[in-house]
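Participant: From first to last, the protein sequence lines stand for chains C and V.
Taking my numbering, the leading residue of the first sequence gets 1, the next gets one more, and so forth.
Taking my numbering, the leading residue of the second sequence gets 428, the next gets one more, and so forth.
Read the hints as simulated data drawn from the structure, not as lab findings.
No residue lacks a Cβ here, since even glycine has one placed at the ideal position from N, Cα and C.
A few of these clues could be false.
[Claimed, not checked] To give a feel for the contact side, a few chain C residues facing chain V, derived at Cβ under 10 Å: (1) Ala58; (2) Gly59; (3) Glu135; (4) Tyr212; (5) Arg219; (6) Met222; (7) Ser223; (8) Arg332; (9) His353; (10) Phe362; (11) Thr364; (12) Ala370.
[Stated by the list, open to error] If you anchor each label on the Cβ, the simulated ranges turn out as follows: (13) C:Ile216 <-> V:Arg501: 23 to 33 Å; (14) V:Val556 <-> C:Gly267: 33 to 43 Å; (15) V:Asp560 <-> C:Arg351: 19 to 29 Å.
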Amino acid sequence: MNTPTSIDPSGTDIAGLVHSDRVDVSLYTDPELFELEMDRIFNRTWVWVAHESEIPDAGDFKTAMVGRQPVIVTRDRRGGINVLLNRCRHRGASLCEVPRGNANGFTCPYHAWSYALDGKLRGIPYPDGYEEVLEKKDFPLHRLQVDSYAGMIFASFNHDVEPLAEFLGPAKQWIDLFMKQGAGYPIKVQGEHKFRFNGNWKIQLENTTDGYHFPIVHRSWMSSVDEETADMLSFMTDDKALTHSLGNGHSVMIMVPEHVDLDEDDGTEQLQERFRHIVEELSKEFEPAKVRRIVRSMHGAGFNLNLFPNVAMSMSFFRVLQPVSVTETEIRHLALGLDGAPEVVNRERLRIHEHFQGPFGFGTTDDSEAWDRVQRGAAAGPGLPIMVNRGLGREQDELKGRVSHATDETGMREAYTMWKAMMTDVR
Amino acid sequence: MSVETYEAVQLSDPRIAPAIELIWREAHLLDRKEYREWDRLWAPGSRYVIPIDPDTEDFAAALNMVYDDDRMRRMRIERLTSGYSISATAAARTVRTLSRFVVQHRDDETVELSSAQVLVGYRREETFVLGADVTHRIRVDGAEPLIEEKVVRLINSTGAVNASGFLL
Numbered sequence: 001m002n003t004p005t006s007i008d009p010s011g012t013d014i015a016g017l018v019h020s021d022r023v024d025v026s027l028y029t030d031p032e033l034f035e036l037e038m039d040r041i042f043n044r045t046w047v048w049v050a051h052e053s054e055i056p057d058a059g060d061f062k063t064a065m066v067g068r069q070p071v072i073v074t075r076d077r078r079g080g081i082n083v084l085l086n087r088c089r090h091r092g093a094s095l096c097e098v099p100r101g102n103a104n105g106f107t108c109p110y111h112a113w114s115y116a117l118d119g120k121l122r123g124i125p126y127p128d129g130y131e132e133v134l135e136k137k138d139f140p141l142h143r144l145q146v147d148s149y150a151g152m153i154f155a156s157f158n159h160d161v162e163p164l165a166e167f168l169g170p171a172k173q174w175i176d177l178f179m180k181q182g183a184g185y186p187i188k189v190q191g192e193h194k195f196r197f198n199g200n201w202k203i204q205l206e207n208t209t210d211g212y213h214f215p216i217v218h219r220s221w222m223s224s225v226d227e228e229t230a231d232m233l234s235f236m237t238d239d240k241a242l243t244h245s246l247g248n249g250h251s252v253m254i255m256v257p258e259h260v261d262l263d264e265d266d267g268t269e270q271l272q273e274r275f276r277h278i279v280e281e282l283s284k285e286f287e288p289a290k291v292r293r294i295v296r297s298m299h300g301a302g303f304n305l306n307l308f309p310n311v312a313m314s315m316s317f318f319r320v321l322q323p324v325s326v327t328e329t330e331i332r333h334l335a336l337g338l339d340g341a342p343e344v345v346n347r348e349r350l351r352i353h354e355h356f357q358g359p360f361g362f363g364t365t366d367d368s369e370a371w372d373r374v375q376r377g378a379a380a381g382p383g384l385p386i387m388v389n390r391g392l393g394r395e396q397d398e399l400k401g402r403v404s405h406a407t408d409e410t411g412m413r414e415a416y417t418m419w420k421a422m423m424t425d426v427r
Numbered sequence: 428m429s430v431e432t433y434e435a436v437q438l439s440d441p442r443i444a445p446a447i448e449l450i451w452r453e454a455h456l457l458d459r460k461e462y463r464e465w466d467r468l469w470a471p472g473s474r475y476v477i478p479i480d481p482d483t484e485d486f487a488a489a490l491n492m493v494y495d496d497d498r499m500r501r502m503r504i505e506r507l508t509s510g511y512s513i514s515a516t517a518a519a520r521t522v523r524t525l526s527r528f529v530v531q532h533r534d535d536e537t538v539e540l541s542s543a544q545v546l547v548g549y550r551r552e553e554t555f556v557l558g559a560d561v562t563h564r565i566r567v568d569g570a571e572p573l574i575e576e577k578v579v580r581l582i583n584s585t586g587a588v589n590a591s592g593f594l595l
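Start from the sequences, fold in the hints, and give me the full structure.
Facilitator: Laid out in C-alpha cells, this is it:
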C-alpha cells in the first residue's frame, strides 16, 4: 500500500519495496535505508544484549551493542540487570573497553567521573567547579529499558516499547523448548566466535531459517561428520521438517523433529556412536535415563528459532548479529554448555561447536562466502528483486501463523513483513 | 615468582636448524595450499590449535578457532581439497613469514620454538594482514623432525576474525 507514511525522507516508497514474494534489492544496498533501519528498528524495538549466565554475580558486566550504539550490561549489588550507554555524561568518553569482567563501577579515564553499576553518578573530582552548576542525580548514565525471558536479556531505547513477553509472543514456548537441552542443568555461555562479513545484516537474518541452503553450502561439513549426524540433518525431504512464522518477525525452522521437545522420548532413538565415550563416563555417575537425556541433547534442540531483529537460538548456540554498515555485519556465535554438568559433556559440546562454527569452522566459512557473494551480486541488476517465494504454493495458515516446509522461505517472509511494518511506522 | 629466561636461537645447534627448516617448509606448503603434503609434517598424536583466549594453556576446556587432533586435521584437509567447500575454492592468496625465533625448550627428543608470523593475504580487491605468536613443539629424535604441537595465537583472537578458506 502506498501511503504518505511509507515515504522515507528521500522520497522512496518503503512499503513498495517489500512484497509477499519478493523484496527490492535496495534493502541490501541503500545506505539511506540502513540509516532508517537503525532509527526505526534497532532504536525502537527489543534488541538482545546478553544471556544471564554471562553476568551471574553482582558486579559482573559485559559490553554489547544496540544497533550501532555501545552499551554496558551490568549486574548490580541488588541483583538487578542494567543496560547503560557506554558514554560518560561529561564529555562523552567511553567508560569501558573490555568485553567482560567484574567491577564496582565505571570511572571515566578522562576526568574520572565515576558511576555505580546501576549508572548513578557517584563522584566528580574537584567538585567545587560544579557548585550551583550540576547535581549528580541529574547526570546518571543513560539507561535503556531492560527485560528478560528465560535468561535472554533484551534492551530497548524506546521507553514506550511493548512488554517483552508480548513482543516475543508464541516464540516464548520455543525459547522454553530450546532451554530443555540443558537436560536439567541451566544453560550457560561457554565462549564465542566473532567474525564479520561484507554484506547486509538481513542476509544473515534470512539464513537462520533457510533450510534450502544447508546440503548445498554445507556439503563439505556434511561429508566430514559421522553418518548418524549427517542423517539427523538430512531434512530436505522430511515432511515433518517445518518452518512456522511466529509473528513480529520471528520464525522457527524445525530440522530434527524428534528433538523439538527433548523431554519427549519414545525410546526408539539409538544414541549416536560418536558419543559412546560420553555415555561410558556419565554412566559411572548417573542412572541410564539421565545419561540418555543428556546425550540426546548433545546437538541441542532440533530447530533454529529466529528472533527479529538480532538474535537466533540455533540448535546448540546463539547467533547474534550486529549491523556495522549497509554492507558490513558482525556475527557472534555463542557456544552453549550445561552449567554444573560433568566436564566431559561441556567439552564435547565445545568440540561440536568448533567443528561447524567460527572463522576456521567447516560451516561458518562457507556460509560467510555465500553471504559475501549475495552482497557482491546485489550490485548487479538494480531492478531485479530478491526472491523469497519458495513454498508459497504449499504454505498453510494455522492458528498462530503460517507453516510450510523447512526448506521454504516462510521465515524470511515473516521477517520482511515485520521489517515493512516497522519501517513504515513513522511514530 | 618464577623468572622466565629466553634463549636466543643458535643456528649452529644441530637440533635447532632442522626445526627452523621444518617451520619454513611448513609455511611454504601452507601458502601453496599443499595440504596433503603438509599433513606429512606432523608426528602421530599431534595437536594443532588456534585459541581464542590469549592466556589459556588448557585448550581442551576452552572454545578455540581450531583444536585439531590427527583425525580432525585430516578431515580439515579432506574438506579443503575436496572441491565441495565454496570458501576453500575462493580462498585468499597468502604469503607468510615466520621469524624472531626463541628457544622455549630443548632436550634430546623435542625442541620448542616460538616465533612471530606475519601473513599477508589478498582476496577480491582486498589485502589484509594477520599477525600471530606461534609456538611449534617439534620432535627431533626420529629420522626427520616432525611437528608435535603447533599453537597459533592471533594477536586479534578476541576480536572479529573473519572467516577464512586457508590455514594458519
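Participant: Determine for every hint whether it applies to the structure shown.
Facilitator: Here is how each hint holds up against the structure:
| no. | hint | verdict |
| --- | --- | --- |
| 1 | Ala58 | violated (24 Å) |
| 2 | Gly59 | violated (21 Å) |
| 3 | Glu135 | violated (39 Å) |
| 4 | Tyr212 | violated (15 Å) |
| 5 | Arg219 | holds (4 Å) |
| 6 | Met222 | holds (9 Å) |
| 7 | Ser223 | holds (7 Å) |
| 8 | Arg332 | holds (9 Å) |
| 9 | His353 | holds (7 Å) |
| 10 | Phe362 | holds (6 Å) |
| 11 | Thr364 | holds (5 Å) |
| 12 | Ala370 | holds (7 Å) |
| 13 | C:Ile216 <-> V:Arg501: 23 to 33 Å | holds (24 Å) |
| 14 | V:Val556 <-> C:Gly267: 33 to 43 Å | violated (55 Å) |
| 15 | V:Asp560 <-> C:Arg351: 19 to 29 Å | holds (24 Å) |
Of the numbered hints stated above, those contradicted by the structure are hints 1, 2, 3, 4, 14, listed in ascending order.
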